[in-house]
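Enquirer: Numbering follows the UniProt record's numbering, in which position 154 of the sequence shown is assigned residue number 154; successive positions increment by one, without gaps.
By construction, these hints were calculated from the structure, which means they are not laboratory data. Honestly, I wouldn't trust all of these hints.
[To be verified] Just the calculated beta-carbon pair ranges, DEER-fashion:
id: 1; residue 1: D137; residue 2: T44; range: 51 to 57 angstroms
id: 2; residue 1: Q270; residue 2: F183; range: 40 to 46 angstroms
id: 3; residue 1: I358; residue 2: D401; range: 23 to 29 angstroms
id: 4; residue 1: Q121; residue 2: S145; range: 24 to 30 angstroms
id: 5; residue 1: D353; residue 2: T436; range: 26 to 32 angstroms
id: 6; residue 1: S145; residue 2: N453; range: 44 to 50 angstroms
id: 7; residue 1: T123; residue 2: E102; range: 50 to 56 angstroms
id: 8; residue 1: D176; residue 2: T123; range: 30 to 36 angstroms
id: 9; residue 1: S240; residue 2: Q422; range: 23 to 29 angstroms
id: 10; residue 1: D176; residue 2: S200; range: 16 to 22 angstroms
id: 11; residue 1: S290; residue 2: N457; range: 28 to 34 angstroms
id: 12; residue 1: A286; residue 2: S400; range: 26 to 32 angstroms
The beta-carbon is built from N, C-alpha and C at its ideal position, and this holds for glycine as well.
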Amino acid sequence: MRTSALLLITLLSISSSHAFEISDNFWETGQAVFHVGISGSSPTGGTWNDAFKRSMAAWSSVGSFEFVAIDDYLDPCIDRGEGLFGDGATGVDFGASVCGSEFGESTLAVTLSAGQCLNQQCTGGFTITDADIVFNDGVTWDVYSGSLRLDGSSEFERVALHELGHALGLNHSTADAAIMRAFVSDTNSLQSDDIAGIASIYGAEEATLANIYGVTLVAPDNATISGPNNSNNLSGVLSSSDNQLDGKSLDLYQYTFENDSLIDIQLDSQSFDPFLYLVRVSATQASLPSSTFVDDNSGLGNNARINRSIQAGTYWLGVSSANNNAQGSYDVSIISSTSNPSSSFETFTSIYDVDVLINPNPNISGSLESTDFEFNNKFLDLVQIEVTTASAVKIDLSSSDFDTSLLLVDIVNNEVGTLALQNDDGGSGANSRIETTLQPGTYWLGVTSFDPNESGNYDIAISLVLP
């Protein structure tokens, strides 16, 4: 099918109003890279760059979409004008005009979005490939929080939030408290209406996981690797707005290998000298030193590579650089094959004559079967986890095969168990959920059914609840 280019211009005015609307336009990758190199500082002293990047980070923190900042200048008006649809790279700056066209009366800023049409007639929206932003240089700007001032100055950061909403594919909202309202107000942060709008385009914040280290952790769509042979690829950009580790930017991804595997992970970049981490984590996200691997130059040239056998479990894959302040794009390939189709986790028989699986992972899959231990005509699986640091956790048990019931057992002297909590339908639908704070110690998770003689597959997911 022949694709066509389409240009969309969205602007923020002081006193116009439009109905709330989600456009049909979106970034196909769920990520947008902005070249942020605005010169100068606000009258209050902060740089325009820092204010703009805070606005990018605010949107990235509330959903599955990610804004990435590259610290260099790119003219937003390159290849802009009549019949031109941008250069496919996104920039931001102040301007006396909108790339040659006059700003409208009371217009504070303009977002110029362009992309590839979803159909030949360009009637169904487009996938965004460029979304340049131009701020009106004829406006008096400053950066501050709280209510609007009466001195005639416009507040830059909340306008940047608004324009980035347009860059994401949002139109104006009629909600009184919304950054995406058609005119500026005392609102200076994202509101529930804004967050709901972005979630309707890119989904809610399911891909970003809370973790004990306070860094952003992403679970890709193909985060569970089940074998026997798998090939996974991802691309990203290191930027100054990423997590920081020892003065270096860090992107962190979570993968779960369901079987013991032979893995070949390659991290390539033409922009920086890559450094690769692979760290296995426990049920409560404590790193396991015996399963921590790093590499700098085992790949081609300066690229990084980890090629080895690993035990089944949940791992964090970290992308960083060998040098401080490095930025740029990268590619990761993960080739894996199952080396042991059966579980290598230890199982022991407790004093209750129930088999207990020792599985130190935050994501656990299993199945209730007729051969399992039976109690009150219900089958029962027990999984043992260790907690090394007091942790506020959310434990979800889900199944599409049976109505779940989840037990949490506190273990004393490695054998004697005390039922601490039990839940039937605390999760969505017929699924179970327990939220509690676990003190250091040994615990059993009990998986059973609400009704007698039910069996089937299930999944346990343990996540951290951060204050």
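Enquirer: Holds or violated: 30 to 36 angstroms for the Cβ distance of D176 and T123?
Expert: holds (33 angstroms)
Enquirer: Please check whether S290 and N457 have a Cβ separation lying inside 28 to 34 angstroms.
Expert: holds (30 angstroms)
Enquirer: With 51 to 57 angstroms as the target window, see if D137 and T44 comply at their CB atoms.
Expert: Hint violated: Cβ distance 18 angstroms, outside 51 to 57 angstroms.
Enquirer: If I claimed the Cβ atoms of Q270 and F183 lie 40 to 46 angstroms apart, would that claim hold in this structure?
Expert: holds (44 angstroms)
Enquirer: Check the following: the C-beta atoms of D176 and S200 are separated by a distance inside 16 to 22 angstroms.
Expert: holds (19 angstroms)
Enquirer: Against the range 44 to 50 angstroms, how does the distance between the Cβ atoms of S145 and N453 compare: consistent or not?
Expert: violated (60 angstroms)
Enquirer: Evaluate the given range 23 to 29 angstroms for the C-beta pair formed by I358 and D401.
Expert: The hinted range 23 to 29 angstroms holds for I358 and D401, with Cβ atoms some 25 angstroms apart.
Enquirer: Do the Cβ positions of D353 and T436 conform to the proposed distance bound of 26 to 32 angstroms?
Expert: At roughly 27 angstroms between Cβ atoms, T436 and D353 fall inside 26 to 32 angstroms, so the hint holds.
Enquirer: 50 to 56 angstroms was suggested as the range; check whether the CB atoms of T123 and E102 agree with it.
Expert: Violated - the Cβ-Cβ distance for T123 and E102, about 29 angstroms, lies outside 50 to 56 angstroms.
Enquirer: Taking 26 to 32 angstroms as the hint, is the beta-carbon distance of A286 and S400 inside that range?
Expert: holds (31 angstroms)
Enquirer: Please test the hint of 24 to 30 angstroms on the beta carbon pair from Q121 and S145.
Expert: violated (45 angstroms)
Enquirer: Honestly, do S240 and Q422 meet the 23 to 29 angstroms range at C-beta?
Expert: violated (47 angstroms)
Of the numbered hints given earlier, the model fails hints 1, 4, 6, 7, 9; all others are met.
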